[in-house]
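> The primary structure of each chain is shown beneath.
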Amino acid sequence: MSDATTIDPRSVTAPRILVLGVGSSGTRAVARMCELNPGLDAVVIDTDTKVLEAATAGRVIQVGSTVTNGFSAGGDVELGRQSIEKDSSAIRTQLRRVDLLVIVSGLGGGTGTGAVPVITRIAREAGTLVLCMLTLPFAFEGKPILQKAEDALKRIRTHADAIIRIPNEMMVDRADSDLPVEQVFARSQQMMMDGIFTIWRMLSQNSICGLDFACIQTMLRNCDGFCHFASAEAEGSSRSETVATGILEHRLLNGGKVLGKAAGIIVGLTGGHDLKLSEVDSVMNRIQEKLPEDTWVNFGVAVDPAFEDRLSAIVLVAEEWKEPLMDDARRQMGFGFNRGQGELPLETVGKGRFAHLDSTIHEGQDLDVPTYIRRDIKLPR
Amino acid sequence: MSIESTAVLEIGTSTVRVVVGELRADGVVSVIGIGEAESRGIRKGEIINRDHAIASLRAALKAAEENRRKSIHSVLLITSGGQSESKTSTGILKLVYPEDNQLSEINVDDIDEIVDLARKVALPESRIKLHTLQQYFQIDDLFDVTSPIGMTGEELRLDMLTIHGKRSTVDNFRKIVDDAPIDCSDAVFSGLCSALAVLNDEQKKAGVLVVDIGGGTTDFVLYHDGLVQTAASFAVGGEHVTNDIAIGLKIPSGQAEHVKLRDGSALTNLMERDHNISIPAQQGFPGKMVRAVTLNTIINARMEEIFMLVKEHIDQHCPNVPMSAGVLLTGGGAFLNGARDLGQKVFNEPCSYGKPRDVQGLPSAKDAPRYAAHVGCIRYAASLQAAEEKPALGEKLKKLFWGGSHE
Numbered sequence: 589m590s591d592a593t594t595i596d597p598r599s600v601t602a603p604r605i606l607v608l609g610v611g612s613s614g615t616r617a618v619a620r621m622c623e624l625n626p627g628l629d630a631v632v633i634d635t636d637t638k639v640l641e642a643a644t645a646g647r648v649i650q651v652g653s654t655v656t657n658g659f660s661a662g663g664d665v666e667l668g669r670q671s672i673e674k675d676s677s678a679i680r681t682q683l684r685r686v687d688l689l690v691i692v693s694g695l696g697g698g699t700g701t702g703a704v705p706v707i708t709r710i711a712r713e714a715g716t717l718v719l720c721m722l723t724l725p726f727a728f729e730g731k732p733i734l735q736k737a738e739d740a741l742k743r744i745r746t747h748a749d750a751i752i753r754i755p756n757e758m759m760v761d762r763a764d765s766d767l768p769v770e771q772v773f774a775r776s777q778q779m780m781m782d783g784i785f786t787i788w789r790m791l792s793q794n795s796i797c798g799l800d801f802a803c804i805q806t807m808l809r810n811c812d813g814f815c816h817f818a819s820a821e822a823e824g825s826s827r828s829e830t831v832a833t834g835i836l837e838h839r840l841l842n843g844g845k846v847l848g849k850a851a852g853i854i855v856g857l858t859g860g861h862d863l864k865l866s867e868v869d870s871v872m873n874r875i876q877e878k879l880p881e882d883t884w885v886n887f888g889v890a891v892d893p894a895f896e897d898r899l900s901a902i903v904l905v906a907e908e909w910k911e912p913l914m915d916d917a918r919r920q921m922g923f924g925f926n927r928g929q930g931e932l933p934l935e936t937v938g939k940g941r942f943a944h945l946d947s948t949i950h951e952g953q954d955l956d957v958p959t960y961i962r963r964d965i966k967l968p969r
Numbered sequence: 108m109s110i111e112s113t114a115v116l117e118i119g120t121s122t123v124r125v126v127v128g129e130l131r132a133d134g135v136v137s138v139i140g141i142g143e144a145e146s147r148g149i150r151k152g153e154i155i156n157r158d159h160a161i162a163s164l165r166a167a168l169k170a171a172e173e174n175r176r177k178s179i180h181s182v183l184l185i186t187s188g189g190q191s192e193s194k195t196s197t198g199i200l201k202l203v204y205p206e207d208n209q210l211s212e213i214n215v216d217d218i219d220e221i222v223d224l225a226r227k228v229a230l231p232e233s234r235i236k237l238h239t240l241q242q243y244f245q246i247d248d249l250f251d252v253t254s255p256i257g258m259t260g261e262e263l264r265l266d267m268l269t270i271h272g273k274r275s276t277v278d279n280f281r282k283i284v285d286d287a288p289i290d291c292s293d294a295v296f297s298g299l300c301s302a303l304a305v306l307n308d309e310q311k312k313a314g315v316l317v318v319d320i321g322g323g324t325t326d327f328v329l330y331h332d333g334l335v336q337t338a339a340s341f342a343v344g345g346e347h348v349t350n351d352i353a354i355g356l357k358i359p360s361g362q363a364e365h366v367k368l369r370d371g372s373a374l375t376n377l378m379e380r381d382h383n384i385s386i387p388a389q390q391g392f393p394g395k396m397v398r399a400v401t402l403n404t405i406i407n408a409r410m411e412e413i414f415m416l417v418k419e420h421i422d423q424h425c426p427n428v429p430m431s432a433g434v435l436l437t438g439g440g441a442f443l444n445g446a447r448d449l450g451q452k453v454f455n456e457p458c459s460y461g462k463p464r465d466v467q468g469l470p471s472a473k474d475a476p477r478y479a480a481h482v483g484c485i486r487y488a489a490s491l492q493a494a495e496e497k498p499a500l501g502e503k504l505k506k507l508f509w510g511g512s513h514e
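If you read the sequences in order, they're chains A and B.
Going by this note's numbering, the letters in the first sequence line up with residues 589 to 969, in that order.
Going by this note's numbering, the letters in the second sequence line up with residues 108 to 514, in that order.
Derived DSS-like pairs: lysine-lysine, alpha-carbon spacing no greater than 30 angstroms straight-line:
1) B:312 to B:227
2) A:742 to B:395
3) B:194 to B:282
4) B:177 to B:282
5) A:845 to A:742
6) A:849 to A:742
7) B:395 to A:939
8) A:939 to B:282
9) B:462 to B:452
10) B:473 to B:452
11) A:939 to B:452
12) B:194 to B:452
13) B:473 to B:312
14) A:849 to B:357
15) A:742 to B:357
16) A:849 to B:395
17) A:939 to B:357
18) B:236 to B:418
19) B:282 to B:169
20) B:236 to B:201
21) B:462 to B:194
22) B:418 to A:939
23) B:169 to B:462
24) B:236 to B:282
25) B:282 to B:227
26) A:742 to A:674
27) B:473 to B:177
Keep in mind that the hints were calculated from the coordinates and are not lab data.
Working from the sequences, and respecting the hints, build out all of it.
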């Protein structure tokens, strides 16, 4: 395990992204990612020593050695929670100077389900932006497990900036009945990996245009809850077509239906030096056709020599935006930015119980009107 | 000299409170009776329903009389005076008479004369003088003299700070007290009272700001060098916070008040950010869940504005007055989680709750800051009585105050 406090001098100014695999499935996924991409800054956390031993890459933290004695949490959420709380200082150390924390975990088990809510809270306290990529159990795993995952999601949602759900159930369809089980799980791992790699590439490699940390931050800060995510990759001459189709018909986007309701979207494209403008143009056009008119679109292109003759795309779709509560209040008040000349706010909504009293005017402001309305402060919902 | 007990009355926006107490010879205020009633008919420190206000006043008086087991005949009225303001005026006295053509020593009579001169302040018809407080003397080009007796010079100047309130507000309050019926002996500025209760001489010298956030008004007094530098009052207080919450969260104001006291914080804390608060159902209100961050954003905006109003006023009227003893908060509106920390942030000075010093007989130490104005008013009354009984002590008192509300 390397020391968390020593930072690569290059990354001092760059935003630091940490990928955190929690629980057995998270650990496996992150370990695999590290093998493929040794540059990734990753930490894995689990209670089970067996799983941790198998994870060769990345930094390893064993939690709850006194709680589970090195075994897994055995599907007990409470044990998972206790384990992480016993060793929370190790997590805090890891989170030092991290700007974006990506938590990868599978819900429904013990360690991941119990620990992720705690980790998100710790990260929030540390002021880190938190993006969770969580797989949800198959339907055949049974109601109690699904319920456990749902409960954990609710708790995670209160602290995470964004959650990307990857329901295992959506990873398969009828045509896949012959698929080996191993591959099904590998598929959801692959899905997470694609996403994390692309985000990581966007932020740390030489992206030529657009997407930077602030974009992701704006998106995450504003989407308030669940994000959808999809990725596609293709090679050859018709790659742009294939990629666009792949995104639009992606399983996790519910066959593209999610795009129709999208409020915000981040599109990240990665290609080699041979990436052409026409290709970027065609992918973006295909996606934008599906989007509602007022969608906030942000896109970035990264060039990676390894992607010669290839094109990979991810989209991060935010469904709901925090509608600023302010807006309604201001509309009622007539306090709009574009209030017509000479128009006085006749309505006294907003003054509440002070409506029919002499107003307290201080430097042209009516102090009886709530401060947040006068100062245009957005109320988080 | 027998100790006379004083009854003081504050008709606040949220509570009407009568406190009876006396200043003992050892300088400790002993509270011997307290009466409280929920205030009705008052908004932002002004009367909007006279009948309700009188009823609340009578209820509070009755409670105090029962508590003290003695009837109350005369009260001192604490008022924030409907947006009080302060104004500095200067009196000038020539010490050299052409006949003798020599410097004369300043004596007590000179001081009396210049105080009388300086106290004469022309105020608009709509304003009423609440207090005149003596500031610095100036002898020729020697500034900031606090006691010039025995010094010589050609010309003596004296600055006076006049705290004046809205005549209609003060008169209306006096009238409802008279109609209660009870004799109202004087009206006193509440900010000054709070300051008197919580400050000791050392703090007054070092420089200290006392902010009294009440239900409907915020009063403040700035001391430095043992003298009041400025004082004022704004018609914004704790009720505005409640009102903002009621509007912002769309909940009834009763619930808003409750949630403000229970869960509200003047700071938007990242840790508390996503903590959910349930607002229970009430008749005609189906109940609601809100996020702590929403609630705290609303409170934070208002409380910060209240502090900023005070800060702006001070920066405008007496900038660069050191506040080495920090900022002291009193009054019910200041009892919000995080108000102290926010005050510290805004004023960039240490901020704490001001507790009345040397006082006995208050219900609990925790609640003591709510009684700051009353305790201070008892001190004030005692100092006035002493001045009448022992005019020789007048010199000492000149340092403190001059006169009452009567012009």
